[in-house]
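S.K.: Okay, here's what each chain looks like letter by letter:
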Amino acid sequence: MTDQPAATPQPEEATAPERPARRGLSQRWFFLIGAVLLLDIAALVLFPPFPKGGNPGDECAFPVCFINGTLEFPAPHVVWAPDGSGPAPTGLIVWYPSISSTILTMWIVMAVVLVVVILMTRGRQLLPGRAQNAIEFLYEFMGDFGLSIAGPTARPYIPLFVAFFILILFCNWSGLIPPVGRIEELRAPTSDVNITIGLALVSFLYFEFQGFRRLGVGGYLGKFFPLYEFRNGIGAGIIALFVGLVELMLEFVKPVTLSMRLFGNIYGGEVALGVITALTIAYIPVALLGLEVMLNAIQALIFSVLTLIFITLAIESHEHEEGHIAEEALGHPDAEPTLQPAH
Amino acid sequence: MTESGRVWAYVVLFSEIGISLLVTTLVGVLVGYWVDKQLGTLPIFMLAGFLLGAGSGTVLIARLVNRFLKSFDPPAS
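So the sequence lines, in the order shown, correspond to chains S and G.
All residue numbers for the first sequence refer to the working numbering, where the first residue is 1 and numbers rise by one.
All residue numbers for the second sequence refer to the working numbering, where the first residue is 1 and numbers rise by one.
Chain S extracted, bound-state conformation (with noise of 0.2 Å):
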């Protein structure tokens, strides 16, 4: 018979003492929610929405007259014209110099943006400081950022691409700052298609410049209307004309595409943002503000990428190109695969 010891009684395990469940937070942030919707509703009492060219007051019916006193409509409202008149004359081009609410807005962002880095950039050191690392580290980060898709070749040209993605950023970020849209001479620079027609504008000049500037007039009117392929060929050379030809129309289409695509995306975003505030309260607005923020930063980042890839397909010279259609359309023996194997 053996003696077991004695079960030793476990000591009895020390219970925390229990913890009163934590309702301060949840509390606090439920009188929050709640106070923000209070105070909305009584807003939407005490300065109901009126007709747009109304008075408070007058009457607005639901849903009509809220979504028209948010809509703004695609041509900017005058902020000065110099002779004085009133609206621009309506119509779908239209020649009338005058300063816009979108080009008061740009001028007022670029003044911002220079402004800010301009003093986070005075002084420079060696070793440098918070600012100017903050800067740098931007920039560094931009370029390596526009290295990484276009190559090395698109060194020279990371300045207009970081100057390009700030500019075009924050001019559409301004658009989601509460007074501008609600005042008539505030109005997000890129929500107009002429600002956005001007930036493609300076993009397209720009590559153009740099491949005519890089290959010549005749090497880069080569590209176009290679006629140097009829030595292999009156159907070779027949071909890449026509090949040609279809390039130079993709060059003026891609002015057409950056300038619409930033202005559809900018200006829908804000007819969007102003039709489901009109619509609903509080906290769904906010949610698709978050969502314009992202999509605004996207947009920004697509046009000034885009400008970069269209530089370095300009400066290529036709060696460098996939362009051997001809001879790989004819079976040509010396002519070599346009894919790649994947690796």
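Worth flagging that the hints you see were computed from the coordinates, not collected in a lab.
Don't be surprised by glycine CBs; every beta carbon is placed ideally from N, CA and C.
Heads up, some of the hints might be wrong.
What follows is a list of derived Cβ distance ranges for each label pair [stated by the list, open to error]: (1) S/F252 / G/Q38: 18 to 24 Å; (2) S/G54 / G/Q38: 39 to 45 Å; (3) G/T58 / S/L37: 48 to 54 Å; (4) S/L38 / G/T58: 25 to 31 Å; (5) G/W34 / S/W95: 38 to 44 Å; (6) S/D40 / G/V11: 18 to 24 Å; (7) G/Y33 / S/G84: 35 to 41 Å; (8) G/L30 / S/L37: 47 to 53 Å; (9) G/T58 / S/A61: 44 to 50 Å; (10) G/G18 / S/L245: 19 to 25 Å; (11) S/F31 / G/L30: 55 to 61 Å; (12) G/W34 / S/I284: 42 to 48 Å.
Since the structure of chain S is already known, use the hints to place chain G on it.
M.R.: Leaving out everything else, chain G in the frame of chain S:
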């Protein structure tokens, strides 16, 4: 090209594809409509413009994709 760069390059490429096809088709239709209005032959030239625009857009997209893919994956030397 880094992985994150490749992802954003594809995003940009897809964005350009969609808008290029839209713009070329729309330009074809508008030009055809204008010619029809001048000659009173609605909708012959509008349809022809649509087909030409869509066809050109398709060719443009094919070349764009080809060129982008080639720049994404440079040939091994």
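S.K.: What are the numbers of the hints the structure violates, in ascending order?
M.R.: 4, 5 and 6
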